[in-house]
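Trainee: The primary structure of each chain is shown beneath.
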Amino acid sequence: MSAAKSTTMSATGFSARRWAPPAIGFGCVVLFLVAVQLLIDIGVINRFIVPLPSEVAASFGRVIVEEDILHRFLQTAWECLAAGILLSVFGIAIGVLMHRVLLLRLACETWVAAFASAPLVLAYPLFLVLFGRSTMTIIMLAFLSGLPPVILKTLEGMSATRRVLINVGRSFNLTPAQQFWKILFPSALPTIFVGIRLGLMFALINVVAVEFLINFGGLGQLINDLAERYDLPGTYAAICFVILVSVVFFAAAERAERWLKSVG
Amino acid sequence: MALVSTSDRVMPVQPAETAILVVDDIVMRFATPEGDVVALDNVSFEVAPGEFLAVIGPSGCGKSTLFNIIGGLQSGYQGRVAVTGETITGPHASIGMVFQEESTFPWRNVVDNVAFPLEIAGVPKGERIERARRFVSMVGLDGFERRYPSELSGGMRQRVSMARTLASEPKIFLMDEPFAALDEQTRLLLGDKVLQIQQQLKQTTLLITHNITEAVQLADRILVMSYRPGRVKRIVDIELPRPRTSEIVSSEAFGRYVAQIWADLREEASRGMIDDEARTLHAQEHRP
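From first to last, the protein sequence lines stand for chains A and B.
Going by our numbering, the residue at position 53 of the first sequence is 53; the numbering climbs one at a time, nothing skipped.
Going by our numbering, the residue at position 185 of the second sequence is 185; the numbering climbs one at a time, nothing skipped.
Just chain B, same shape as in the assembly:
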């Protein structure tokens, strides 16, 4: 049985009927003093409802740019992003974003942080607190409702951010390296939490990450990106059984997926490192 199935798929321009998210031929250039830099080049893919897609690539491949484009925070790109067939031109109510950096509001306690999108939507106070409590409980923070972010650990704060985004009941849950600042053990345990939630809510999820283990642990498919300009290098279907837990990382199949993806990424990461060193040297040589 082939445990690793990969496909070098070129996405159709017309979105498939079942896709909830269509990213179609995205090209993004940034103007720099050294000339235009192409951050993303013809990036196309689709996400089906309830699917968990991870986007993985080396540093500098444009992952965060892609996150901002899909979230509607970045303009000035070519191509199209559509949610349930509707082309988006800015932040969209169907997309909930969880950021890499710590993003809880320090002046609000846990439950008020989570209730924030409901407050913006005009939900009456009693109802929004009750609903917020449900999401606080879902991320495993019962008993911490009245605590402020400064009283919580990094992992707990990131769970508050996730609960806040989930409270807005998005159709697509978009996360940009949400566990990047956490230690490996916390990362694995939070991965379990994400899997639980995704299973419970049947939530379509798009995870941007540079962590292969995390991607294989969580995703149904992994989109591997090339180093600058960021292109879709390969899409890997992860055929590990669900429901999954962090225990799956010790399985043989898991190891094979990790090896397969690392084989794809290694070349890109090396290119990134060489490019980074060259730019550092160039900057040092041209320093006044």
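For reference, chain A alone in the conformation it holds in the complex:
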């Protein structure tokens, strides 16, 4: 009887431990929105600058039906995906190359770090000249903005591989390719994924910013349109879809990392 009770209690405890963090997180968001609603209602926040959260929630249906949100969402997601694939492939390749060639690393690492903090989005007129008012401009700007963190984190991950693990590989007579794929790469993978997540974040910011600036494409253009129409609830609802793109890509990156770890 007592054992059964203790098992039930421990199962309940486990379940509580599992659900408590997301429940608290969700509760915090709800609390924040309620607070904003109240502050707007009592006039502390100007409702012509920040719309009521209840109005934003009510505008979702309208934005989805009238503004072709699915198409715009997919357009922004596709541009992000393309930039994400490009920055992962080229970022990792360049990072590995810089790890292998010391001279290249010494010559370029500072430049890449400086490039990471440059507001590349301001160079959009140049990209418009090069690629026209097209998806290509958006993808290339997003790709180049997200590239430096992937290069730097790949380099960091490779360099941080413990000497003893490399020696284990050498003691088993691994070929250079096996040494890379079986030891260096999996060892650096968590750090590389930190870089990819940062790169995706920079890419998404730049995708939406360039869509907004050149009034072309997906959610960025929609935000621009809605803001120009002074549809504040709609603007904030569209911003929520940008957050959704971000969530989807972060979840996908986490899945990819887990999968790569399992095959490493």
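It is worth saying that the hints were derived from the structure and are not from the lab.
Glycine included, every Cβ here is placed at the ideal spot set by N, Cα and C.
There may be inaccurate statements among the hints.
What the hints assert, rightly or not - Far from chain B, by Cβ distances over 12 Å, these chain A residues were calculated:
(1) P21
(2) L70
(3) I85
(4) R105
(5) L106
(6) A123
(7) V168
(8) F172
(9) A209
(10) L213
(11) P233
(12) R255
As the list claims (entries may be wrong) - To be clear about the criterion: a stretch of chain A counts as covered by chain B if any three or more of its residues have a C-beta under 8 Å from a C-beta of chain B, and this derived list gives those stretches:
(13) 158 to 166
(14) 181 to 189
To be verified - Computed from the model, here is a short list of chain B residues facing chain A with C-beta under 8 Å:
(15) L73
(16) Q74
(17) P91
(18) M97
(19) F99
(20) E101
(21) S103
(22) P117
(23) I120
(24) W262
Knowing the structure of chain A, use the given hints to seat chain B on it.
Mentor: What follows is chain B alone, placed relative to chain A:
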């Protein structure tokens, strides 16, 4: 009955026919800003098949350099290392190495860590997992096959490293202070495990250590090295009965061996300590 038999043997240049490992006249110098440092000087010895040899010496006597040379990880030395008559020029499939530092792959679970050399050798997945499980069991980690190294204690991780090396079925099992980071009790119990495995597999084993108790508990012979430059100071035959367990540490004979080896090592360790202090003072005086 003489419990401690020692010999100041100078090894022949030609390896004995029975030796599985021959280390012949190894000299290793390292270039430093203060000039060349001789780490190893004319180090020669042989290991017979199935024998357990421990190499003991004070810090700085070149034990780890010797480990790297025999394992084929260190080049640029004079002399010769031969395994079953074949001179080695790099890592050799006949030599399996266990390192002092924690060396399990954190992204692989226990069984996948142990299966690693089999995977490299191209053994099909089903077969390599089955074989890996045997070695996991041999080091006493049944039930932990799917755990990751981060979920294991230091001693368990070191056992995973040992199982991984054993899975490659080396002719010589080469270990560099594998229990250095562990507490004394775990060290003694893991010593039992090593003895069990060595007896079961008749595995030729070379253990590099600075721990006298560990060396006497495990070895058939102990090679005592001098402080820098590292030379073979003495080879001590350990004539304690086998099979052994950690209980042997409380025997009178064991104590005598420990005392004998400490008498040899004490002078070397003192030299090392004085040298270390002098270098620290010198570095402090010349600090800009």
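Trainee: For every hint, state whether the structure bears it out.
Mentor: Right, here's what the structure says about each hint:
no., hint, verdict
1, P21, "holds, 21 Å"
2, L70, "holds, 38 Å"
3, I85, "holds, 23 Å"
4, R105, "holds, 24 Å"
5, L106, "holds, 22 Å"
6, A123, "holds, 39 Å"
7, V168, "violated, 5 Å"
8, F172, "violated, 5 Å"
9, A209, "holds, 36 Å"
10, L213, "holds, 42 Å"
11, P233, "holds, 47 Å"
12, R255, "holds, 16 Å"
13, 158 to 166, "holds (count 3)"
14, 181 to 189, "holds (count 5)"
15, L73, "holds, 6 Å"
16, Q74, "violated, 10 Å"
17, P91, "holds, 5 Å"
18, M97, "holds, 4 Å"
19, F99, "holds, 5 Å"
20, E101, "holds, 4 Å"
21, S103, "holds, 5 Å"
22, P117, "holds, 5 Å"
23, I120, "holds, 6 Å"
24, W262, "violated, 30 Å"
Consistency note: the structure conflicts with the earlier hints numbered 7, 8, 16 and 24.
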